[in-house]
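Just so you know, the sequences run in chain order A and B. According to the working numbering, the residues represented by the first sequence are 1 to 272, in order. According to the working numbering, the residues represented by the second sequence are 1 to 350, in order.
Any given hint could be a false lead.
Claimed, not checked - Heads up, incomplete: computed chain A residues facing chain B, CB under 7 Å, no partners named:
#: 1; residue: A11
#: 2; residue: A12
#: 3; residue: P38
#: 4; residue: A162
#: 5; residue: A169
#: 6; residue: L170
#: 7; residue: E172
#: 8; residue: R175
#: 9; residue: S176
#: 10; residue: L177
#: 11; residue: P191
Because the hints were derived from the structure by calculation, they are not lab data. For glycine and all other residues, C-beta sits at the position ideal for the given N, C-alpha and C.
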Amino acid sequence: MRADDRFTLLAALPLAIFAGAFLLLPLARLIMASGEGPSGWALYGQVLANPRYMRALGQTVAVSGLVSLAALAVATTAALFLVRRRFFGRSVLIGLLTFPLAFPGVVVGFMIILLGGRQGLMNALARDLFDARLVFAYSMTGLFLGYLYFSIPRVLLTVMAAAEKLDPALEEAARSLGAGPVAVLRDVTLPGLAPALVASGAVAFATAMGAFGTAFTLATNIDVLPMVIYTEFTLAANIATAAALSVVLGLVTWALLFLARSFAGAAVAAGG
Amino acid sequence: MSGAAIALEGVARTFPGGAQAVRPCALVVPQGEILGLLGPSGCGKTTLLRLIAGLERPDPGGRVLFDGRDVTRLPVEARHVGMVFQSYALFPNMTVAGNVGYGLRVRGVRRAEIAARVEEVLALCDASALASRRVDQLSGGQRQRVALARAVAVRPRVLLLDEPLSALDAALRERLRDELATLLRRFAITAVFVTHDQAEALAIADRVAVMRAGRIVQADTPRALYAAPADAWVARFVGGAADLGGVVSDGSLLLPGGRLPAPGPHAPRARFLVRPGGLDLADRSEATLVGAVTRATFLGDRLRVEIDGAAEGALVVDAAPDAAAAPGARVGLRLRPGGLIVVPEAEEAP
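Can you make the complete structure from the sequences, with help from the hints?
Next comes the structure, spelled out in structure tokens:
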């Protein structure tokens, strides 16, 4: 073995130790734990047949999917605007938009309560103006807004970086060939941004699937899977079920992301 | 003006911030002409091309006309122009055929018709074999041909090309220059192309408009441009002429190193220039002008000799490759027929 080969192997050692000790080992332990309950591996069948768990899974996937799509829509339009226009206060605005990156989920949840809770700003406005009640913080709507709030900056930064690299001549070429704004967006801009959209959308989705702090702050009875896992684990001390649900959550997230990536990859390849 | 494919009237462009890229200028391009916009970088030639295309709007008061119709207010997508960009700007998410057919697709042309036209245009550009290729599988020269095919596929009223050869390496550029000239004539379409390379402009264009600091200083056929430059700057820029300086007396131009025949009459403030090909080395006994060689560079087909002391500045002379001109030697110079360029003294903008 040559010296530099040995060095390369040595350089991989820290990662190997880290991956072994803190990634693979706990993961293996988690999977083992899910089979150590009274019903053994049959637990997975019970979990998958449990309507409450499945409803929570469905809601988690739905809210995460909606959050990803909404974040992509908001952040892409904002990114295209911010990249193409130079105006006073632009960098302040970008800073403000990326601010939520610094907040933990608890703070985001807190802000949603301040906005849409019983004592919230929206409710006060609705009461004073229309003599109505407007409370949405403690529901899926509140959760959706909270997740959206911290998904937008992640998507925005990635899409802005990609939009800055787009060759402006490509859009001018499409326009010179007679393409209107919609056709330019559909045929040139979005295909050019596609890799960034897929990557940042996947991050937003995975983050929302596993997010817990916001949901926990808003209400303890919101049925998303991370909340169910927490309840099973800490309150019911039902470790095997919590472990099995964790494995299911991980597998479902991974599978959906895999599907989205290969679908998007095929769409990019076949584009035009 | 209805006979002209393109007419510009008082077209200027001032960028936000106050820089005037194009000063008010007028230009008429007759139907079927191939016009070259030639100038150094930053002279406003690309901005002028973008004004014709509709990618830029002229300052108020300027008008752009196509076939006599005012298109000043039309954006690029409504002007029906074909455009070839410096980077070619081929759509990476489409095949070659997809690129070439794109303009027809967004116009809602039927599939079969698009396929037929794409095939026809690719054949015209000698690029039929590339139809199903992806853009990233093309060489520089192939990209250029596909960009050209894409621009002409929609049968544009005018074809606009922004530095169409500058993305290619030097060896390829010369071959593709002649190929481009052939193709443009095959399309039989009014074309305007931008270049900073005088050889390119002279080789391709029917007429060359020389631009300097936002102005068109001369628009002429390549031969007229070369033989009768409008001022000293054009003479220097096209063909690399050098100022001789000196004073005229009795049909001769008196110079530090002797004299050159300069039969009049001349304008009182005429200036005299000479290109590297305008002078030749001669035996000192026959020569009326003498200078000292400072450098001699062998270029294969000729010897490029730099000479001091003959004129007020340094002179460059292209001599025969076997000429004897070692640095330090004093050599005689003779004017070749038609070698002297006389231009009126003009004020030169900075």
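Hint check results:
no., hint, result
1, A11, "33 Å, violated"
2, A12, "33 Å, violated"
3, P38, "55 Å, violated"
4, A162, "13 Å, violated"
5, A169, "4 Å, holds"
6, L170, "5 Å, holds"
7, E172, "6 Å, holds"
8, R175, "5 Å, holds"
9, S176, "4 Å, holds"
10, L177, "3 Å, holds"
11, P191, "4 Å, holds"
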